[in-house]
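Starting from the given sequences, assemble the full structure and let the hints guide the process.
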Amino acid sequence: MTAAALDVQNLNCSFGALRVTRDVDLTLARGARHALIGPNGAGKTTLVNLITGVLRPTTGRVQLNGEDITSLSQADRARRGLARTFQINQLFRGLSVLENICMTIGERDGNCNNLWRPAGADRAVIDEALDHLESLQIVDDALKLVRELPYGRQRLVEIAIALAQRPRVLLLDEPAAGVPSSESHLILDVVAALDPDIAVLIIEHDMDVVFRFAREITVLVQGAVFTQGTPDEIKANEQVREVYLGQGEGGHG
Amino acid sequence: MPQVANIVVSILFDGLAYAMFLFITSVGLSVTMGLMGFVNLAHGAFAMAGGYVVVSLTRSYGVGFIPSLMIAAVVVGLVSIRFERRLYRRFYKATDLEQVLLTIGLAFMAIATFTYFYGPIPKSVPLPDWLEGDVNLGFRAFPSYRAFLIVLGAVLTAVLWYAFERTSIGAKIRAAVDNRRMAESVGINVDRLFTLTFALGSGLAALGGGLAIQLFGLTPYFAVLYLVLFLIVVAVGGLGSLQGTLLAALVLGIIDTGGKYLIAEAGGFFIYVITVIVLLIKPAGFYGRE
Amino acid sequence: MAASDTTAATGASERVAARDRAAEFLLRQHRFKPAESLPWLIAIAVYFLFPDRLTFGSQVLVMVLFALSLDLILGYAGIVTLGHAAFFGVGAYTVGLGAARLGWSEPISGLVAAAIVAGIVGFISGWFLLRYRGLTLLMLTLATAIMILETGNFRSDISGGYDGVPGLIFDPLVGLFDYDLYGHTNYVYALIVLALCFYFVRRIVYSPFGQALTGIRENVRRMHAIGSPVHMRLVTVYTIAAAIAGVAGALFTQTNAYVTLTVFDFEVSAKVMVMLILGGTGRLYGAFIGAAVYMILEDHLSKLSPTFWSFGIGLLLLVTVLFARHGILGLVEDFGRLRFAGRWLKERAAAQQPAWTREQWNAVGISAFDGALIGLAVGFAVNIGSADLLVTWFTDDPLGVLGWTAAGALLVAAINAVYLVLTSRAAA
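Residue numbers (our numbering), protein chains in the order written: chain A, 1 to 253; chain B, 1 to 290; chain C, 1 to 428.
For the record, the hints were derived by calculation from the structure and aren't laboratory data.
Fair warning: this is a prediction, and the values are worked out from it, not measured in the lab.
Using N, Cα and C, we set each Cβ at its ideal position, and we do this for glycine too.
Do not take every clue at face value.
[As the list claims (entries may be wrong)] Derived DMTMM-like pairs: lysine to aspartate or glutamate, alpha-carbon spacing no greater than 25 angstroms straight-line: (1) B:K260 with C:D265; (2) B:K93 with C:D370; (3) C:K271 with B:E98; (4) C:K303 with C:E267; (5) A:K144 with C:D52; (6) A:K235 with A:D206; (7) A:K144 with C:E333; (8) B:K93 with C:E333; (9) A:K235 with A:D76; (10) C:K303 with C:D52; (11) B:K260 with C:E267; (12) B:K260 with B:E132; (13) A:K144 with A:E183.
[Claimed, not checked] Partner residues are not named here, just some residues of chain A that face chain C (Cβ under 7 angstroms, in silico): (14) T104; (15) G110; (16) N114; (17) P118.
Next comes the structure, spelled out in structure tokens:
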């Protein structure tokens, strides 16, 4: 039996007396489309931070393609095929869009260990980077500095960097957050068109997006898994709606 | 007294006096940096300025030593408000490097200005009679000035502790150091709080500068010479922490004094070793927050 | 993988064109631009134009190399330290002690040795210290540098203390070129060493490793997330920078034929940082401009009056941080952009009403108050110059006091008003 792409077992995390993550189990099969929803403060980003290695759990295990990565650093996990985007853009603002991607590819393939050969001499890297930009339709901005771009296009760069890592597991933290509604379809189209082989976990507040995109949904409340199931099951679940009372469907809490 | 005990007592006494000086001068810097995240390398210049105000008042206008100290603290505190409002405020969001450069530039200008007005020769101050000579505590005689320093330091520590822990302003400061945005959203006017804290810290620095004259002599270069020490005390103690600054001042003051007593040439070495060790283990200092 | 075969034909060809343009730009980025030969031509010209100032010239070149090494750490990797002088000093003393105590007077191998020793010190200290940032790192690097200095002080029998290591004589370069009294050989020697090191640094900066460094500078959080071994990268660049600083220090000792403990002083670390900031960090040639400008200014002004020089440097720092955050090269870049954007600015200004609000009047008013204080201070300095007589100035010359105050107030208020007008027009 092939190992799951991502397997989180009994994850717990506390800050002093505050338990932010309680006994969380989560599994992503290869090619999964999994949404993580829950009210604000539920610990969704914390969970992503635990999976990617920004935070260390108190107890529990994280396995990537069958390998235990619980004690590995962020960078080690990324090199094993785990990529993420951030809720607030974390980009290389002083560099051009193209350089953002080229550098990501360079780190992925170990080119960045090379101190001698000019970065520009590697045509293959540049071509691949341009391919990524094209698939996200931002190739026109290739030479613009990231900080000069409007937020919506910066968000696309945010995703482009994660995709350039050629991950096997991709964690998207509210990919459309902060993007004006006129442009959010760009982001969502990208998400919908992701490589079917990649296991994707997406944190989202917009229920339309969640029901359109996800094949499985986990509801997180106060750090613990409230319930888990298919979109139909979650839609029918009264308690989930209660938990979201006051936030409205499709709204940002 | 037996020889060894005598030396130990001397070290502790002198070290304590030195520590009190470090504490009084550095506590303002610690709270400022902890509150606003602003690296103020001109802090030493405020201390130096305070010292020179005391020099002028006592030598040219015949004001007493203690009143001069108080006047210097108030004057420098008020003047520092001007700097904070006009200059520093613009750089709260700037990078560390920019703040370092800005304040170092100010420090250089201050040193040059004071050298122009006062000359580079070390100055001293006339002390009142009761501060000269020794005070006899029965088993030993101690230099009165240092004893005074220790007592003053203790009193100030108590006053500051009370202000920090028991008053509402102190609570507001602690809250703002802890989590600035939260404090602002609760309605605390952090900007005004900061100006107040900054003025207080600079005033205390001026006081420390005035007190240091008798210990080290005063030259304009005091501003950068002792800056390193203040920074070390603040870094080792932890930004924004009263207890941290006190503890760091005590540890570093006593060890430095002890080192210089016991190994004259290499004595200055020890505080840096301590600094490195502490920071490697606790990068945020004794009581600092990550 | 990707296909530019979109449905709209014009769209597709545009896309391909944009793609190629982008690729071409990156491919050519590392090639030598004609403007880059300028500093070297100037350096060569100096040899012929100022043959009697070549000892000073060598020192400028040494500082350029030193500032260049700092640029790797500060400008490209974005790490702020206060102890860079330690590596300079280590290199200087490796050569100095080598020549004086071990009879190692061959200069070129001395450079190599200095690079190795300084590199080792850089590697060890970097490995431990580069896990930290901010104030912690500043203090750790400062403390490390001071500890090395204090060790030298302690064993002043070896180091010569602040009097220095006496009696340094170096072999002629490659056995052929002897040193003359006017420093001709030294200048050419320093220039060649600088050129070689610069070539090395330049290659690093344009390599994928250099890209990763700028990534670390721009967003270290994201670098971790994309799998970059950040600590290893930082230690690597720190070691290289330390080695180059060591070479600069070695050159210093060789061209001066002496070395003292002042090479470890905090002032040296501060000085090189100021030079680099002045020229502009992260721009390769900032080190050249900054070091040259600083050294020339220092040479002229500190002779006039050390106090004025100190004040001037402080003021220069202030002005740089306020108005030219990216140094001289930054100003040059902005000017280049603005020249082309000049028309753009005019259009924007025409469309926008310059709003002279009450806030701006307030700002001008407050600056008048500051100006009054400044005018008062300057007037006092010019007229009296001794703090003890402050009160007497007021009583003796009240009109003069008033004059200086008013002049200062008006001048500063006027400057501020002009500044506000300009910036409110340009604000978009």
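Item to check | Indices of hints not satisfied (ascending) | outcome: Going through the list in order, the structure violates hints 5, 9, 15 and respects the others.
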